[in-house]
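Chains as they are written, first to last, in UniProt numbering: chain A, 1 to 272; chain B, 1 to 272; chain C, 1 to 272; chain D, 1 to 272.
If you're looking for bench data, these hints aren't it; they were derived computationally from the structure. For every residue, glycine included, the Cβ atom is placed at its ideal position computed from N, Cα and C. Keep in mind that the hints are not guaranteed to be accurate.
Quick list of the computed label-pair ranges, beta carbon to beta carbon [said to hold, decoys possible]:
#1 A:Tyr56 / C:Asp229: 40 to 48 Å
#2 B:Asn231 / A:Ile141: 33 to 41 Å
#3 C:Lys224 / D:Gly94: 35 to 43 Å
#4 B:Lys263 / A:Ile141: 42 to 50 Å
#5 D:Phe120 / C:Val109: 49 to 57 Å
#6 C:Ser57 / B:Gly166: 25 to 33 Å
When the alpha-carbon atoms are kept at most 35 Å apart in a straight line, the in silico DSBU-like pairs for lysine-lysine are as follows [to be verified]:
#7 A:Lys210 / B:Lys246
#8 B:Lys50 / A:Lys216
#9 B:Lys139 / B:Lys262
#10 D:Lys262 / A:Lys133
#11 B:Lys216 / B:Lys133
4 protein chains.
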Amino acid sequence: MRILFIGDIVGRPGRYLLRDFLPAIKDEYNIDITIANGENAAHGNGLTKKIVDELYSYGIDILTSGNHIWDKKEVLDFIDQEERLIRPANYPDGVPGKGYTSYKLNDNVVFVVNIMGRVFMSPLDCPFKTIDKIIDECKDISNYIIIDFHGEATSEKIAFGYYVDGRVTAVLGTHTHVQTADYKILPGGTAYITDSGMTGPYDSVIGSDKSAIINKFITGMPSKFDVADGNAQLNAVIIETDNCGKAVSIATLNLTASNLEKKYGVDKDEEL
Amino acid sequence: MRILFIGDIVGRPGRYLLRDFLPAIKDEYNIDITIANGENAAHGNGLTKKIVDELYSYGIDILTSGNHIWDKKEVLDFIDQEERLIRPANYPDGVPGKGYTSYKLNDNVVFVVNIMGRVFMSPLDCPFKTIDKIIDECKDISNYIIIDFHGEATSEKIAFGYYVDGRVTAVLGTHTHVQTADYKILPGGTAYITDSGMTGPYDSVIGSDKSAIINKFITGMPSKFDVADGNAQLNAVIIETDNCGKAVSIATLNLTASNLEKKYGVDKDEEL
Amino acid sequence: MRILFIGDIVGRPGRYLLRDFLPAIKDEYNIDITIANGENAAHGNGLTKKIVDELYSYGIDILTSGNHIWDKKEVLDFIDQEERLIRPANYPDGVPGKGYTSYKLNDNVVFVVNIMGRVFMSPLDCPFKTIDKIIDECKDISNYIIIDFHGEATSEKIAFGYYVDGRVTAVLGTHTHVQTADYKILPGGTAYITDSGMTGPYDSVIGSDKSAIINKFITGMPSKFDVADGNAQLNAVIIETDNCGKAVSIATLNLTASNLEKKYGVDKDEEL
Amino acid sequence: MRILFIGDIVGRPGRYLLRDFLPAIKDEYNIDITIANGENAAHGNGLTKKIVDELYSYGIDILTSGNHIWDKKEVLDFIDQEERLIRPANYPDGVPGKGYTSYKLNDNVVFVVNIMGRVFMSPLDCPFKTIDKIIDECKDISNYIIIDFHGEATSEKIAFGYYVDGRVTAVLGTHTHVQTADYKILPGGTAYITDSGMTGPYDSVIGSDKSAIINKFITGMPSKFDVADGNAQLNAVIIETDNCGKAVSIATLNLTASNLEKKYGVDKDEEL
Ligand SMILES: [Fe+2]
Ligand SMILES: [Fe+2]
Ligand SMILES: [Fe+2]
Ligand SMILES: [Fe+2]
Ligand SMILES: [Fe+2]
Ligand SMILES: [Fe+2]
Ligand SMILES: [Fe+2]
Ligand SMILES: [Fe+2]
């Protein structure tokens, strides 16, 4: 099985990049299932129903998320009906939405799980205990378990990767919006990367307009951040598995719109 | 000019890797100046005089540091005498040590600066205002200014990079111990990477023994962390400049001891 | 001189309590100058010009603030014109507003300073170095210096109190919205309290509606907090000084609207 | 029933104050059960077996704790054998020690529970869900339930108080080392105070030597903190209950050693 995992989609630049190039990428790499973190897809903050459907229409099968999932209030109206959209599983019992979902792929079931870190983030249930419970619920049905670990601290993400190594197919970090270079197959057969990166404006501070963010750091005053414009970038991870749900390879994609155009020659009559 | 910048050296595994392979690496890449972050060189925590000298003897020209600089108390005995060891420049006036230093290279002077972030870290002076002052002090002497930005949050590091773009040669992140894949030349000619990574134990959680860290995350109890053993890794960045101090290329090194042995065939009678 | 300092005014309940009882309180205690922290006066978040004027009309002479000062964007339109409204002085140079102001009282000048802590708060300039500079600027004009220290951590507030002891008239903490019982005159003659408390809804979680806050803690989801209604409370501090600007006594007021009505018998035809 | 609850005991000054005055205090107020937070009793950091026994010998019945419970490693050797020493109940399952204990008082059983906050503190299980479970386990045996809530943020502590109001006898805050003035009986009959304060050195920064702490804030460098010496203070809370475990009154004690000597005339041949 070949899995494409796309790092946090930020705003329209991220969405339109997928509209323009996702089909070609899936084709080139023979992708069987496409997962993307969508927590910043709606102008940098959260998700609307319209944007969820837009993303599905571009070829995304499952949407994961993170701390920004609640940014658009309307998410509460539809999250319980969306089988293909998940939020971190270690939100406490009773919170709307679900922490993992399953996806049928021919004769296989693929579980996709979303977990959030706690270091430098808000209090939540323990990610380690939560994943133990989820693996217990899934493992008799399928060994294909893909985890989006949405977290800030490298130590927590790496520790989590080793903790589940051999029990899941992949642990793919998100949230920092910067792709890391430490992708590898852990000793037990789990594909791992600390952060998958961001799919959004290239010339930006984690997706936002540079000058507003620089101004915030210099003045200490709050600031409204707009999604930056200009060239976009794609950050993603491709995992290949064996027939038992173990990862056999992991590779990264880190390409700008300009690179992608050169490669795939997509015709460009869209306005960005 | 060709600059080698080595990510946080962790403990003996990191030091011995440099002992064994640094000369070959410098040779292969025609390195003119070698800078390394040494804040974790002494068993993961700080620096002793003995280890500082050991690192110089392996071919490091300048040592930068970060929040761990004060871990070994004896650093206070020698930091003011060490011309080639710096600590973050945005510690307040009056703190021992210095925040930047200069290095003579034939007819050029290279300034090496250490700055620390504040997001998810302890209070310090403003990194942005501090660098403005330092650039002012340096720019009439030399345009070769290399900054080690030691920080946690990707947003702060990237914002800082854009802030000084065109005014310095390079902004090379450290502290998270995970190399990022976003190395690039910014529009103004400054080489940038969010994190240069770690030179230390490969099979570890940011350098430390995995099981102790996992246990800490699961129990919430404090834990003593030992430097992990086994295979080591080198994480570094190579920058090439023009004659005006602008960066013309940036590349990363991300190699394990096993890779390095295959490549350089160093004979191995040392005990790690 | 007798100084009344009122802890963070929260919303309409806080404002109307002052409308109804401030004149009687000032009268009873022979107050010469009335200072209040207004950062939460506009529905819990920030200040509008209308509310600033409303608070002056109730008998407040000087308004201090804190991290919520920027919550209402319109504050940027008037803060530079308001001589009697200050924001934390350790915002960096160039930020709108001012960090201290002076108030003429017969033949005396009283300086009122606002400083913000950094522990568990956002990065700012050093509160300790900032106050040194301000004291230098003020001390030749007047020894009457009242500081509102807006901070979270008890250690930082107490350390600050001792740091300026003998150099200022009073250090009066704000921000936690809970009055502390540690008011005292420090050895050098500075009146000190870790937190002056809150003037707003009594039956609330630091001014906000209880159930929304409890829900946020249980679910981990963001929540909109309304100012609670019902009975209000007054939290304030009264300092008496000698003729040299040293404090000779400090006392606290901690009274509900019901207590105040019993005491002052104010007629109540207002709607809260 | 009359309950004495003593705020964080810091070092020898705190312990010796209790040695000298606790019997007289218990006598004066007809105390039935004495509970104290001991997390800082051993030179400011943690507890040893010797000090636990010393504190029992002074008349303390139950010891609670907090984040400092693990500071002295030897606590792991005895915590599971100590029926009268508890640590925060929301440490995850499997952590040594227990989160609540029971105490026989004539025909009554009194449950004492320790809970820790999560805001500005390390990740732990949810305090709200944890207390629900504990109340469930206790309520058929006794309605006398006293909670030490060890936390930083006033909002979390107050929210917790309202959350359990009517279900427990008292929620008594600890950890900030500064007694608050907001003690009250909540509408449902639960006694509440945000922080009970500290029993230790009076002229100090939350128990530690002032100059070392001030120096840390000014330089940003780590510092070793010694317990301050000089005059000590007692901070405590006294609760009176009805026969059903509801609180009928709450009062605070906030006295220095000098005050206590004047009041109780204890003879002083001890060395502090
Ligand atoms: Fe994101
Ligand atoms: Fe996120
Ligand atoms: Fe490091
Ligand atoms: Fe570091
Ligand atoms: Fe406030
Ligand atoms: Fe505030
Ligand atoms: Fe404590
Ligand atoms: Fe504590």
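Each hint, compared with the structure:
1. A:Tyr56 / C:Asp229: 40 to 48 Å: About 44 Å separates the Cβ atoms of A:Tyr56 and C:Asp229, which means 40 to 48 Å holds.
2. B:Asn231 / A:Ile141: 33 to 41 Å: Since B:Asn231 and A:Ile141 have Cβ atoms about 36 Å apart, the given range 33 to 41 Å holds.
3. C:Lys224 / D:Gly94: 35 to 43 Å: Since C:Lys224 and D:Gly94 have Cβ atoms about 38 Å apart, the given range 35 to 43 Å holds.
4. B:Lys263 / A:Ile141: 42 to 50 Å: Since B:Lys263 and A:Ile141 have Cβ atoms about 45 Å apart, the given range 42 to 50 Å holds.
5. D:Phe120 / C:Val109: 49 to 57 Å: 38 Å, violated
6. C:Ser57 / B:Gly166: 25 to 33 Å: This hint is violated: roughly 52 Å between Cβ atoms.
7. A:Lys210 / B:Lys246: Since the Cα atoms of A:Lys210 and B:Lys246 sit roughly 21 Å apart, the hinted pair holds (cutoff 35 Å).
8. B:Lys50 / A:Lys216: Distance ~42 Å between B:Lys50 and A:Lys216 Cα, so the pair is violated.
9. B:Lys139 / B:Lys262: Roughly 43 Å separates the two Cα atoms, so the pair is violated.
10. D:Lys262 / A:Lys133: 60 Å, violated
11. B:Lys216 / B:Lys133: At roughly 41 Å apart (the allowed maximum being 35 Å), B:Lys133 and B:Lys216 break the hint.
Hints 5, 6, 8, 9, 10 and 11, counting from the list given before, are not met by this structure.
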